[in-house]
Amino acid sequence: MIRTFRAARRERRAAPPGNGRRIRLDSVTPPLYRRRVQDMISARGLIKRYGDHTAVDGIDINVPKGQAFGFLGPNGAGKSTTMRMIGCVSPPTAGELRILGMDAATDGARIRARLGVVPQDDTLDTELNLLENLVIYARYFGIRYKVARERARELLDFVQLSDRAESKVEDLSGGMRRRLTIARSLINEPELVMLDEPTTGLDPQARHLVWERLFRLKQRGVTLVLTTHYMDEAEQLCDRLVVMDGGRIAAEGTPRQLIEAHVTREVVELRFNTEDHGTIAEKLDGTAQRVEVLPDRVLLYTDDGESTVAEVHGRGLQPASVLERRATLEDVFLRLTGRTLVD
Amino acid sequence: MTVMTTLAIRQKGLRPGAMVERNYAVHKHGWLVILTGLLESLFYLFSLGVGVGALVKQIELPDGRMVDYAVFVAPAMLASAAMNAAVAETTFNVFGKLKWMKLYDGVLATPMRPRDVAAGEISWALIRGGIYSTAFLVVMAGLGLTETWWSLLALPGSVLVGLAFSGIGLLATTYFRNWPDFDWMMAFIFVMFLFSGSFAPIENYPEPLQWIVHASPLYHGIELLRACTLGELSPWMLVHAAYLVAVAAVCLAFASRRLSRVLYK
Chain H
1 MIRTFRAARR ERRAAPPGNG RRIRLDSVTP PLYRRRVQDM ISARGLIKRY
51 GDHTAVDGID INVPKGQAFG FLGPNGAGKS TTMRMIGCVS PPTAGELRIL
101 GMDAATDGAR IRARLGVVPQ DDTLDTELNL LENLVIYARY FGIRYKVARE
151 RARELLDFVQ LSDRAESKVE DLSGGMRRRL TIARSLINEP ELVMLDEPTT
201 GLDPQARHLV WERLFRLKQR GVTLVLTTHY MDEAEQLCDR LVVMDGGRIA
251 AEGTPRQLIE AHVTREVVEL RFNTEDHGTI AEKLDGTAQR VEVLPDRVLL
301 YTDDGESTVA EVHGRGLQPA SVLERRATLE DVFLRLTGRT LVD
Chain U
1 MTVMTTLAIR QKGLRPGAMV ERNYAVHKHG WLVILTGLLE SLFYLFSLGV
51 GVGALVKQIE LPDGRMVDYA VFVAPAMLAS AAMNAAVAET TFNVFGKLKW
101 MKLYDGVLAT PMRPRDVAAG EISWALIRGG IYSTAFLVVM AGLGLTETWW
151 SLLALPGSVL VGLAFSGIGL LATTYFRNWP DFDWMMAFIF VMFLFSGSFA
201 PIENYPEPLQ WIVHASPLYH GIELLRACTL GELSPWMLVH AAYLVAVAAV
251 CLAFASRRLS RVLYK
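Listed in order, the protein sequences are those of chains H and U. Numbering-wise (the working numbering), the first sequence opens with residue 1 and increments by one. Numbering-wise (the working numbering), the second sequence opens with residue 1 and increments by one.
Since the hints were made in silico from the structure, they are not lab data. C-beta atoms are modelled at their ideal positions from N, C-alpha and C, and glycine is treated no differently. Check before you lean on any hint, since a few could be wrong.
As the list claims (entries may be wrong) - Derived pair list, reagent style DSSO-like, types lysine-lysine, alpha-carbon separation capped at 27 Å: (1) U:Lys-99 to H:Lys-168; (2) U:Lys-102 to H:Lys-168; (3) H:Lys-146 to U:Lys-28.
Stated by the list, open to error - Estimated spans, in silico, between C-beta atoms of each pair: (4) H:Gln-160 to U:Met-101: 19 to 27 Å; (5) H:Arg-220 to U:Arg-261: 32 to 40 Å; (6) U:Glu-207 to H:Tyr-50: 49 to 57 Å.
Take these sequences, add in the hints, and give me the full structure.
See below:
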């Protein structure tokens with residue numbers, strides 16, 4: 001499956017539509033200019049090793065300007081390591097990594113000056129209040145004090161924390177800390193914002209507030225790169241995403257494309273009041289295009305949920321519960337890796 | 001091009017400054033807390049200078065000159081005040097920010113580099129040490145423990161002591177894994193404090209020990225400051241100063257590299 005996808009992409013590259021015209025464009029457009037305009041991030045064969053452990057195992061990524069790009073995958077897939085490499089705080093072991101048209105290996109400080117980063121751990125300054133956190137962070141970028149204060153006030157407003165400006169960071173809830181970290185990442189008016197699991201550990205209300213703010217950023221034309229292991233987050237926010245597993249990219253595309261390419265349109269979830277799912281799987285054979293047996297339920301991949309359910313009942317099976325639903329990225333992930341996202 | 005270069009230089013100059021600014025923002029509401037470190041050295045001065053001084057009265061310098069014991073011991077306490085300020089700032093405080101607060105992980109996501117962090121933290125340590133030393137010198141002068149106007153030179157001298165020890169402290173911190181490691185460091189500092197010619201001229205020590213003492217940066221610091229406050233200027237002062245600068249330069253270079261390794265994972 002993976003190979004077919006890659007092969008298809010290679011073919012598209014080798015013979016793009018309007019072949020002749022594109023080649024002419026290449027010859028008149030300086031490559032550096034093209035890179036600047038088109039790709040905020042471009043990685044080729046990116047590898048990161050820690051001793052014997054390979055955290056990121058040769059990935060290729062292209063993120064065009066203005067796109068919301070997502071890394072979807074379970075813990076340990078290499079998402080955060082990739083984010084740290086793009087953030088220029090972790091030198092790649094091998095491969096080429098260009099960000100904003102500059103080389104990550106040599107231009108780290110210049111790249112970081114134009115980047116906004118929301119790390120997985122908030123890394124807020126717990127000895128300073130909220131306003132000071134933003135102002136001092138601005139100073140690390142060399143932003144003048146007066147401008148720093150103005151922006152800090154505006155950003156506190158943007159993340160709805162103005163009334164807590166003088167509070168200590170320790171007194172904030174998880175959601176508030178996350179919002180403050182997002183505000184901090186915007187202090188240098190970045191063209192590219194990197195968010196590592198922006199809503200992990202937040203309650204639903206706090207998540208929606210974060211999503212809404214991120215959506216506003218996207219509308220302003222800011223390029224967003226985020227990691228998540230929530231498929232609903234990926235579907236809500238990402239124009240395009242890659243599924244990562246074991247340091248590699250398992251698949252790439254828009255959420256819709258991924259679902260269409262890797263799973264059926266609908267899924268029927270069955271739960272049985274029995275231990276032995278194995279024999280049930282045999283009985284279910286042929287009711288759907290694919291049958292996936294999980295420890296707690298059985299998934300039937302089908303293009304027509306209703307007739308599949310009818311077929312299941314027709315075979316005399318009595319599931320404790322039946323759920324017909326649209327296929328999601330979670331199913332894509334399960335299909336590609338044989339594992340669920342959040343375990 | 002010129003504009004770009006100027007901008008680049010200006011930006012580079014700003015970076016460690018931002019770290020200092022951060023520390024200032026943390027402490028601006030509680031300056032008194034910083035001064036507690038000064039008390040320890042002042043108490044040593046009083047207990048030794050006044051207490052032991054009453055018993056010893058006068059002490060003979062290697063050149064045969066006789067001075068009050070308090071006058072002899074005061075510059076050593078000044079040097080140790082400068083040392084303590086530098087070490088406290090670059091070990092306990094930096095370690096806390098590095099391992100517990102994860103402060104630098106956030107800082108390095110900006111144009112700041114590990115060497116900017118190192119330079120910033122050391123500048124801050126020197127500012128803090130400078131405040132200690134100034135206050136201490138004022139107390140010394142008030143008690144009549146400074147012999148000449150050359151004593152003013154002890155101020156830049158104590159900044160040199162602070163520079164050497166902040167380099168040592170920062171380098172050590174990058175190797176520390178957990179708080180127990182600090183006990184070893186404190187023990188080391190205390191032994192150095194006792195045997196660096198603080199309380200008696202090292203000419204009284206056995207010969208082999210004298211050689212070891214010559215390696216101690218604190219010994220060179222004390223000799224330098226003592227020469228200033230006693231007004232006994234000599235070319236040796238340059239040697240002491242050079243030694244402190246060399247220790248600082250080597251430690252700083254290694255500390256920056258170590259910080260990069262620890263933080264750029």
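Okay, the hints, checked on the actual structure:
1. About 20 Å separates the Cα atoms of Lys-99 (chain U) and Lys-168 (chain H), which keeps this hinted pair within 27 Å; it holds.
2. At most 27 Å may separate the alpha-carbon atoms for a hinted pair to count; Lys-102 (chain U) and Lys-168 (chain H) meet this at roughly 17 Å.
3. At roughly 19 Å between alpha-carbon atoms, Lys-146 (chain H) and Lys-28 (chain U) fall within 27 Å of each other, so this suggested pair holds.
4. Gln-160 (chain H) and Met-101 (chain U) have their C-beta atoms about 25 Å apart, which keeps the hinted 19 to 27 Å range intact.
5. Range check, Arg-220 (chain H) to Arg-261 (chain U): Cβ separation about 38 Å, and the 32 to 40 Å hint holds.
6. In this structure the supplied range 49 to 57 Å holds for Glu-207 (chain U) paired with Tyr-50 (chain H), their Cβ-Cβ distance being about 50 Å.
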